[in-house]
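Q: On the provided structure of chain A, position chain B as indicated by the hints.
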Amino acid sequence: MYSLLITQFFRSKTVWLTVAILFILSVLSISTGKQFLSQQNNAIAKTIEQQQKHLETQRQYNKDDIGLLSYYLKFSFINPVSPLTGISIGQSDINSHIQSVSITALEAQKHNTDLVNPMRQQVGNLDVSFLIVFLFPLVIIALNFNVLSEEEEKGTWKMVTIQSKSSFRFLLSKISIRLVFVFSILLCLFLGVKLVLNIPLSSDFFAIIAMSCFYILFWFALCFFVILLRNSSNTNLIVLLASWLLLVVFIPVLISNYINKVYPVDEAFTMVIKQRDAYHEKWDTDKKETLEHFYEHYPQLRKYGFKTEGFSWLWYYAMQQMGDDDSKTDRDALYKKIKKREVLSKKIAQFFPPLQLQLSMNAIAKTSLTDHIDFLHATTKFHEDIRLDIYPKVFEEHHPDTVDFEKYKPEFFISELNFTWVKNLLPITLITIILVGFAVFRNLKYFK
Amino acid sequence: MKNNDLVILLGKQFFKKTFFTRGLLVLLSLFWLVLVYVTVNGWNVFEARHDSVEHHQDASRESWESNPDKHPHRMAHFGSFAFRTQHPLSIFDSGLESYTGNSIFLEAHKQNTANFSEAALSTGLVRFGDLNIALLLQLILPLIIFFIGYASITSEKENGTLKIMYLQGASMKQILLGKAVGLLMVSALFFVPALIALWSIAFLENHQVNSEIIMRSLLITICYFLFFIVLCFITVIVSARSKSSNKALLSLLGGWLLFFIIIPKAGQVLGYYLNPNLSKIEFREAIETEVAKQGDSHNPDDPHFNKIRDSILKAHNVSSVKDLPFNYSGFLMSKGEEQTAKIYADQYNKLIKTYEKQNSITNSLVLINPYLAIKNLSMGLSGTDFYTYTNFLAQTEQYRYKQSQYMNKLQMKFISNKAKGSEGKIHVVDKTYWKNAPKFRYKYLSVSKTTDYQIISILALGIWLLLAIVVITNFSNYFKII
Chain A
1 MYSLLITQFF RSKTVWLTVA ILFILSVLSI STGKQFLSQQ NNAIAKTIEQ
51 QQKHLETQRQ YNKDDIGLLS YYLKFSFINP VSPLTGISIG QSDINSHIQS
101 VSITALEAQK HNTDLVNPMR QQVGNLDVSF LIVFLFPLVI IALNFNVLSE
151 EEEKGTWKMV TIQSKSSFRF LLSKISIRLV FVFSILLCLF LGVKLVLNIP
201 LSSDFFAIIA MSCFYILFWF ALCFFVILLR NSSNTNLIVL LASWLLLVVF
251 IPVLISNYIN KVYPVDEAFT MVIKQRDAYH EKWDTDKKET LEHFYEHYPQ
301 LRKYGFKTEG FSWLWYYAMQ QMGDDDSKTD RDALYKKIKK REVLSKKIAQ
351 FFPPLQLQLS MNAIAKTSLT DHIDFLHATT KFHEDIRLDI YPKVFEEHHP
401 DTVDFEKYKP EFFISELNFT WVKNLLPITL ITIILVGFAV FRNLKYFK
Chain B
1001 MKNNDLVILL GKQFFKKTFF TRGLLVLLSL FWLVLVYVTV NGWNVFEARH
1051 DSVEHHQDAS RESWESNPDK HPHRMAHFGS FAFRTQHPLS IFDSGLESYT
1101 GNSIFLEAHK QNTANFSEAA LSTGLVRFGD LNIALLLQLI LPLIIFFIGY
1151 ASITSEKENG TLKIMYLQGA SMKQILLGKA VGLLMVSALF FVPALIALWS
1201 IAFLENHQVN SEIIMRSLLI TICYFLFFIV LCFITVIVSA RSKSSNKALL
1251 SLLGGWLLFF IIIPKAGQVL GYYLNPNLSK IEFREAIETE VAKQGDSHNP
1301 DDPHFNKIRD SILKAHNVSS VKDLPFNYSG FLMSKGEEQT AKIYADQYNK
1351 LIKTYEKQNS ITNSLVLINP YLAIKNLSMG LSGTDFYTYT NFLAQTEQYR
1401 YKQSQYMNKL QMKFISNKAK GSEGKIHVVD KTYWKNAPKF RYKYLSVSKT
1451 TDYQIISILA LGIWLLLAIV VITNFSNYFK II
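Protein sequence lines correspond, in order, to chains A and B. Okay, so the first sequence: first residue is 1 according to our numbering, each after it adds one. Okay, so the second sequence: first residue is 1001 according to our numbering, each after it adds one.
With the rest of the complex left out, here is chain A:
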């Protein structure tokens, strides 16, 4: 009987149309990922090459003044893109992967953005995660919405109930063919992704596959639930599409808007103004006081004393430091807000599988907002290390030729994974089980 059902399944035009559309979109989405990866990697290679060139030029322009040379020199800190980024680009096209910072006040530098066309960002990426979150549900709906109602409308269902051993099992086998079909497409997609993007077979990659599989099971469960309400094909289609529209389009937009409204981030503006003012006002205030604050922050530098006559690089870099130090309250408030946004997003997403899948894919691919904030924090550390290394050389007025600036090579950020299996898989599994359980329970009397 299976073979007949399979033949029947593949006779439908919908199936071939689905395959064709999915194929084209898979190619598009994988190449989107590929292009993004190669572009980011190019930029990284360029950054490394550029830093060397930049150092040579600046050494030439500022031969004798180490303070001035240190003012111009830029050091790169890079957040490398993992091949998984190609699957879920997430927020990484909005937030820069490369920081090039000088040892002056950091806060004026680290929020600088990349050059990206805002139109493209608004339309969004057609990456593999989009394909799975947005379009796979539609495929599942198109394949399943009339598995039962069509038989009823054509009058064949009565024959099935009379002739087959169990009409429930018949229905299940029809659905299972579709399930296998969708899973094979998904598998092919991931195989393509693996080969084209050169993704190693790591637990992270399997986590993405697992999350996607559970997501697909969820949509099958939803379809199963709706078709067992036993309405007409058209009603089923409308109900399922309305749920798709709600779950994938409308509710996410509503929630995202809600989160940003609950936690508006005014602190960003306050912080940048504070950072500017805190540094610049020191030009007109008591130098000793500025240095005192500076030494409070770095007691180990106190030995450089309080030279207050005229201009000195010691005083200059102390002023720069104050820009960062004095804006710290506002900065912490900003990060706290962002953290709150992130926590609330995750909390709400548990109840909505599309959101859950998108956020967890971003987390696994390390393209989420949290990952970017982690990168920013690491940048602060990177910047401080270089600062503290260079400060003594400037304060002791070493000649630039005696200082080994070449040793400051571009550094790479090592990120941590912000993904836990149980937390991400449990909610979606529960929702799926509840949907299936409820559908079966309601129809117990029909199926023996």
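Because the hints were derived from the structure by calculation, they are not lab data. Don't take every hint at face value.
DSS-like, lysine-lysine: derived pairs with alpha carbons at most 30 Å apart [to be verified]:
#1 K1350(B) <-> K53(A)
#2 K1418(B) <-> K63(A)
#3 K1335(B) <-> K53(A)
#4 K337(A) <-> K1280(B)
#5 K1157(B) <-> K13(A)
#6 K287(A) <-> K1420(B)
#7 K261(A) <-> K340(A)
#8 K1480(B) <-> K154(A)
#9 K1480(B) <-> K13(A)
#10 K1173(B) <-> K1163(B)
#11 K1431(B) <-> K1413(B)
#12 K110(A) <-> K34(A)
#13 K407(A) <-> K381(A)
#14 K158(A) <-> K1157(B)
#15 K287(A) <-> K1413(B)
#16 K1243(B) <-> K158(A)
#17 K1322(B) <-> K1335(B)
#18 K307(A) <-> K74(A)
#19 K336(A) <-> K423(A)
#20 K110(A) <-> K1443(B)
#21 K1350(B) <-> K288(A)
A: For chain B alone, kept in the frame of chain A given last:
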């Protein structure tokens, strides 16, 4: 005359029949509810943001003006912030708002990026889209129209009533037009309140009503009206061409998915694929190479700037820059600024051209996709599109240049050539000059400019309308009655 009466009659009949269906009232009240929520919410967010921007803009200026007597170059680096204000109509259609930078620091010799876009501070959820009235009108309402209208002709066919209508003297043309009019009347129940929301924003948000915002609202109203007429016609035509209601629904939904979701994304992906833009590091490198080629004012041995120095010395008949009647380093910086600003502008314009090329695929697709046409028009007229944003950036750069040159002039005029650096209280300029420096005032791109940019979208909507009318009136023979 009689022809029109019949069309109206059929339209009214369709309207009545649909209006009293069980589901419609529920759907309509839901839509209205959401509309009210979206409008009120969007409005509150707008007001809060507007206040925040104004507050911070004032705070930034206040601290600028409260600077004591200083060396002007210190002020050139003190710099100013431009916080981007949103157009009131962004409540209606927020367009690119979430993705465009909100704060930009304007200082001497350095073009900073516009930072802190809403999306940069948001979680991945922001990529699902923005909540505003335009979302309801552009994505959701078309689906509702399809749901309401997919069976408009097929159900008559399936019930056998189409034959009867035809035999009683209604031509296919009249039936199609009648159904389309009826469908438009039903959809008006949805979109007219949304347009009322638009007009209330136009009248209430701007403290004094100006012709500019009225013009924008008027054009938006006309464009959406055209868009929905086109959609209603298409729905009826598809219904008439389909064998069964089931098929009509499937084709309309497939069409929605293709035209509203897939084509816009694929267009942008393709545009980017064909015209990738420089990364920031490459962009900066291009500028640095050009500066090195033309001469770098930061390089003490630069031949280009040394030549300028020599000619200036000669003109003033002195042997050392110390003897010049104006501050030489101020002069040098103003020359350097002039040169780098020009080089930057060249590179920047190239970048914008590349962006425009990336968008060009989407922009030419408007001819086959009315959704893209209305999307572009709605964004443009609401002051939230690509051109409005690049225009903002251009204005900030212009201001930055003026501000730097203002300081350079002060330095040339008031600072002695004996000054070594900008430290201390001796070589300073009176603080009243800080107050006199012009403020940054952002002017929105004018409506006429916007319509110039979006002319193709307006044309596209017009062509679609014409096409739909021609199909219904001249090719009605192609629609089968049985």
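Q: All hints are to be evaluated individually against the structure, with a verdict given for each.
A: Each hint tested on the structure:
| no. | hint | verdict |
| --- | --- | --- |
| 1 | K1350(B) <-> K53(A) | holds (24 Å) |
| 2 | K1418(B) <-> K63(A) | holds (23 Å) |
| 3 | K1335(B) <-> K53(A) | holds (25 Å) |
| 4 | K337(A) <-> K1280(B) | holds (28 Å) |
| 5 | K1157(B) <-> K13(A) | holds (24 Å) |
| 6 | K287(A) <-> K1420(B) | holds (18 Å) |
| 7 | K261(A) <-> K340(A) | holds (12 Å) |
| 8 | K1480(B) <-> K154(A) | holds (24 Å) |
| 9 | K1480(B) <-> K13(A) | holds (24 Å) |
| 10 | K1173(B) <-> K1163(B) | holds (14 Å) |
| 11 | K1431(B) <-> K1413(B) | holds (15 Å) |
| 12 | K110(A) <-> K34(A) | holds (27 Å) |
| 13 | K407(A) <-> K381(A) | holds (17 Å) |
| 14 | K158(A) <-> K1157(B) | holds (28 Å) |
| 15 | K287(A) <-> K1413(B) | holds (28 Å) |
| 16 | K1243(B) <-> K158(A) | holds (26 Å) |
| 17 | K1322(B) <-> K1335(B) | holds (18 Å) |
| 18 | K307(A) <-> K74(A) | holds (27 Å) |
| 19 | K336(A) <-> K423(A) | holds (23 Å) |
| 20 | K110(A) <-> K1443(B) | holds (29 Å) |
| 21 | K1350(B) <-> K288(A) | violated (48 Å) |
Hint compliance for this structure: hint 21 is the single one not met.
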